[in-house]
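Okay, here's what each chain looks like letter by letter:
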Amino acid sequence: MEITLKINGVEKKLNVEPRTLLAHAIRDAGLTGTHIGCDSSSCGVCTVVLDGKTAVKSCTMFAVMAEGHEITTIEGMAQGGKLHPLQQAFYDQHGLQCGYCTPGMIMAAHVLLQHNPNPTEEEIRFGLSGNLCRCTGYQNIVKAVQQAAQMLQQPAGAAADD
Amino acid sequence: MKLEYSGQEKVQASAEKVWSFIQDPQKVASCLPDLKSVEFKDDKNMVATVGVAVGPVRGSFKFNIELDPRPEENKMMVRIRGGGLGSAVDLTASADISGQEDQSTLLDWNGVASVSGPAATVGGRVLDAQAKRLIETVFANMGKKMSEV
Amino acid sequence: MAVETPNLEPKGIQGLGKAIKRKEDPRFIVGKGNYLDDINLPGMLHMALVHSPYAHAKILNIDTSEALKIPGVKAVITSKDLAAAGLSWIPTLAGDKQMVLADGKVLYQYQEVAAVYAETRQAAADGAAAVQVEYEPLPVVVDPYKATAPDAPVLREDIKGNMTGAHGPRRHDNHIWTWDVGSKDETEKALAASEVRIKQHMVYPRSHPAPLEPCGCIGDMNKATGRLTVYMTTQAPHAIRTVLSLVTGIPENNIRVISPDIGGGFGNKVPVYPGYVCAIVGSIVLGAPVKWVETRTENLTTTGFARDFHMDIEIGATKDGKVTAMKVYTLADHGAFDAAADPSKYPAGLFSICTGSYDFQKAYAEVDAVYTNKAPGGVAYRCSFRVTEASYLIERSMDVLAHELKMDPAELRLKNFIQPSQFPYPSALGWTYDSGDYEKTLKVALGRIGYAELRKEQAEKRAKGELMGIGISTFTEIVGAGPSKDFDILGIKMFDGAEIRVHPSGSAIVRAGTRHQGQGHETTWAQIVSEELGLDVDKIIVEEGDTDTAPYGLGTYASRSTPTAGGAMALGARRIREKAKKIAAHLLEVGEGDVEWVDKKFVVKGVPGKSVTMNEVAFAAYTNLPPGMEPGLETTYYYDPPNLTFPHGAYICVVDIDKGTGEVKVRRFVAIDDCGTIINPMIVEGQVHGGLTEGFAMAFMQEIAFDEQGNNLSSNFTDYLLPTALETPKWETGHTVTPSPHHPIGAKGVGESPTVGSPAAFVNAVVDALAHLGVRHIDMPITREKVWKVLRQAGVDSF
Amino acid sequence: MIPAAFEYKRPMSLEEAISHLAEHGYDARVLAGGQSLIPAMRYRLAQPSVLVDINKLPNLGYLHEENGMLRIGALVRDTDVEFNKNIQSKYHLISDVSMVVADPIVRFRGTVVGSLCHNDPSGDWAAAAIAARAQMVIQGKNGSRVESIDQFLVDSFATSIGEGEMAVEARFPTPNSLTSGAYEKIERKVGDYATAAAAVQIELNPDGTIKEAGIGITAVAHMALRVVEGENLLRGQKPTLELIRAAAEEVRKIADPNPDARGSAEYKKDMARVLVGRGLIKALRRLNVVVA
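Protein chains in written order, with numbering that gives the first Met the number 0: chain A, 0 to 161; chain B, 0 to 148; chain C, 0 to 798; chain D, 0 to 291.
Worth flagging that the hints you see were computed from the coordinates, not collected in a lab.
Where hints are given, some of them may not hold.
[Unchecked claim] Simulated crosslink set (DSS-like; lysine-lysine; CA at most 27 Å straight-line):
1. D:Lys281 - C:Lys463
2. C:Lys729 - A:Lys142
3. C:Lys460 - D:Lys281
My request is simple: use the sequences and hints to build the entire structure.
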């Protein structure tokens, strides 16, 4: 069936089966930053943002269910040639190694910061506990989210000048 | 995973009637819950397709069923092998059949099932209680139908 | 497409010891990594596999007719089809052979039985579900101790009665090999003469590396050119190309293996798996590219497991705590095929490092490997070939001994360390340790964590009935395989290569035979070259993973990249510098003997103002050469290390235990590592964080478990437990530096130290917390229930 | 992994949804959050032939208090509950539960009502609903009915919802100032099903004795259970550690867990006991009553 998905502000007409997972639909549309890592909704590497404030595991949602919603993926985070503070912070704090969990982790952190702009370390660990990372041991990811939280609270313009 | 069950069913029918019932594949097949299709190979063997709903697990299982009556031991053996959903089930059930003075018959049954594949590795957490219920249903159905004969 | 990221690269000359940010990160943080599943080729087909639900069964019939009826399904192959191409069995790295698709019988649950090729991934999956296989179940062997019982069913009928294997005699059809090292008689004598002896049985359970990106492969046979391109999640592309050439008969220069970005490997992506072979065969047969990407279930149930060592140790010591001798017997469960990824000469890997950091005069180790109905493997999961098992064994045993002697475990260790003056130290089991200062590292760790105060606190708490434990591990690793005199895989010597090309404008491209999976080679190799050649780090590009362009090398695993390719990089750069010096002399119009390399420039001796930079030399190498000199500035260097390197560390863990539930909470963990010279401290710290987390996972969560029918009970991430940010403790890291005397830059490798060294620290801490209740050992993973059992048996109960 | 094909229905009204369910009966499943169903479908362990996606139904996302009840519509996500300030301050038990269901990302999709309808033997919401004495609203072709949670939860994976019906709302009584609760759960890691878990709710009389007690346990039997005898012991008594111990001990008599990788039957039973005890202590502490 034909559906229209709005991904990163761009409307895309896609031909999918009802059983097509949102993750596959996004990836087949050329946005391969969203990864797939398990069959059981456990790892979170497929996490995308739905309607700005909701994080979902896109391999535990059918693409047809996303019709009429706004989807943001990692490719939609940098704006105007400028990294999102979370991307900058993951880079600055060595918050990634193999990079496979990174997009999902950034999207989960993005939603976390919208609901809690100034989280404690414990709150960050709690909020990211739906996303697995096999490389970093999470410590630098936590630091990155703390840095991003600070950057996002600074007035615009000052944020990126580290 | 290995599952073991046992139970007792009291049937309002004579031992004779019970014996004739359980040696008839057609009658036994009619006791299987949610039977979708059945093919009788001979007087002891059949292939049955059964709908299975175990919580989130829903699908069809295809079973080779072999009836092995042992009247001299007052024992009925049933061997079931088959599977579905990429999984396999091997079940051996036996029932001791004893006629009672009040013209009823007691079925003392036990079953040992071995489950392999995703149904065990993924669905194992929820399988046990449901499989038990399934087997109980079969014997309850048998009891009911035998009494009606 | 325009570059979406601002230029984030670190700038300028950035040599050893600089914590510069990673050059590979910009693409990953914007979602532009290029992992295997991101690659799509025109006309590409998708492959799905049919798996056995049984762990051991005869295959009576395979009916593919229903599958072939599904729209989009192109073909289904079984072992018979592979046999026609001579590919129904392939050699393993350990000298055994393994089925590609089940040949007559299945030997472990989820074994691959058929491959389905289709136009879409949906059709492929539907096709796989529609293949009907009829099985006759056979008795299953799950327990390795029962594998060699006289009445055990024969698993490998293909080698039944063949009592000589790749590593010597077999004494049972399910026995693979026996391997031993050291002097048995002398060790037994020394043990018998010891004042104190301890014995302990311990299991290092079966586990799986489980990188978040599963394995995958795209076979792309171009029938017009006869060239086979294989995209594969592999940590060792060159070795894979050689193996592929050997098994398919396609000349090696007609095979190109490309290993794109890899989403974590940890040893999982070293071997050749049946899925890879089927994707390649499918492409050859169907003339179209074929993609196969594992499901997580396939990853955890069929690809290389790790560990599964069942160990018995005996240690002798004097009453005052000086160790005298050690004897080890190990039963290794290798699953259905011996597919361990070890160097050829070492079927039990480098397990003989099990004397650890201690000066054992006598030692003997013996390992038996057996077949069981489990997936094949024995990969080096974030460790140097069985070092993890060895390290756990000795570090756990030292605590058992300390307990027996009623001695503080730190004191016992300090009493038995190999001393700095003893290096190079020949161990009783045949290794020559390069360098180390164990006492210094332990003392740094003890100071950092406040050991004396913690012991005081523990005593106070114990008096109040509260449970707290402190665990120490002072491990030694053995990495960097390896010197060609000892190390090969399938006959290929385990050197590694580096190619450095300096362009006229002073930029460079650097290639290596290794393949990183998150370790940061694109940054650290650039740093080595920047250090050695004085080039700007932002002008150095590092490329790995394409066999058409990269120099030959054995790949990245077993912490070998820095010891081997890192050495090649440094020595290759120095070779370039030699030539550059000649060009510099020409430019400076002095004799070569008057030029020296100072502060990353060529200067005329005694004339500090008179100098040329490497950039200027590079330009001259293409424009203004000394007469008769070959133009260009590049080299390929193959480095055959003279010895292995021996990183070490001291880890200390503090735990608190919940008396009601048995829950163990890691309160603190201090890790002091000594990996010799540090190239990039930020990357080293990141590696340590990650490795400690995997060690924590082993100690408390991760296990591939089986039931009696051979069902894999850890077939997905809901049952194979990887810690999240919430469970993972906070790590405190630090280091001491004892350079390797033989490595070109003194580096030793660090990626695996924390996985190797930490499990014993966690377990030691838990046992220490419970020691007064009579506990001497608890096998991993330490679940709440295991602790609860101890507590309730001791009458401890609490809400 | 790819689910088997199915027919997809996306009703725009409750009536339409119910007519689809009535038409397809056994073959149809309601798709709300999908967080249990979709993974089971990916393993092809669930192969429903029709999915009725209720996510576009109007007016089922409400979460508000009315007539002494917190009303939770069928499309209220776990996170809606988790982030709700009123719930955090007043509904201690529900707030506790909302933080430990599955994992934080799954909670953005998972629904409270869906979880209750699924009635997984390890479900968190079922235990909470038992302890809080919740009610369910079930809609059929001919109107709706309200059932107590005890009537609603029938067996593992079975509820009193008939074919052609769906649950549209869960109702939790609004706690007064003398009521508090707690949820205590042991899981091997975030996202795992509970090894054992206990939900408790306590209402005190002004004199400090216990007016009403609710205890639900999960993951330790074929379905979530009410610890009736434990509740009976507590009712009317002054809370003491002894009393709590005795009430918790009642768990052992009804828990009948399956041994699995999460633990042996004995361990799970004992944990359910410990967790009931801890839950009671925590709930009382929240009412400023310290018993331990």
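So, going through the hints one by one against the coordinates:
no.: 1; hint: D:Lys281 - C:Lys463; in the structure: 23 Å, holds
no.: 2; hint: C:Lys729 - A:Lys142; in the structure: 12 Å, holds
no.: 3; hint: C:Lys460 - D:Lys281; in the structure: 24 Å, holds
Consistency with the previously given hints is maintained throughout, with no hint failing.
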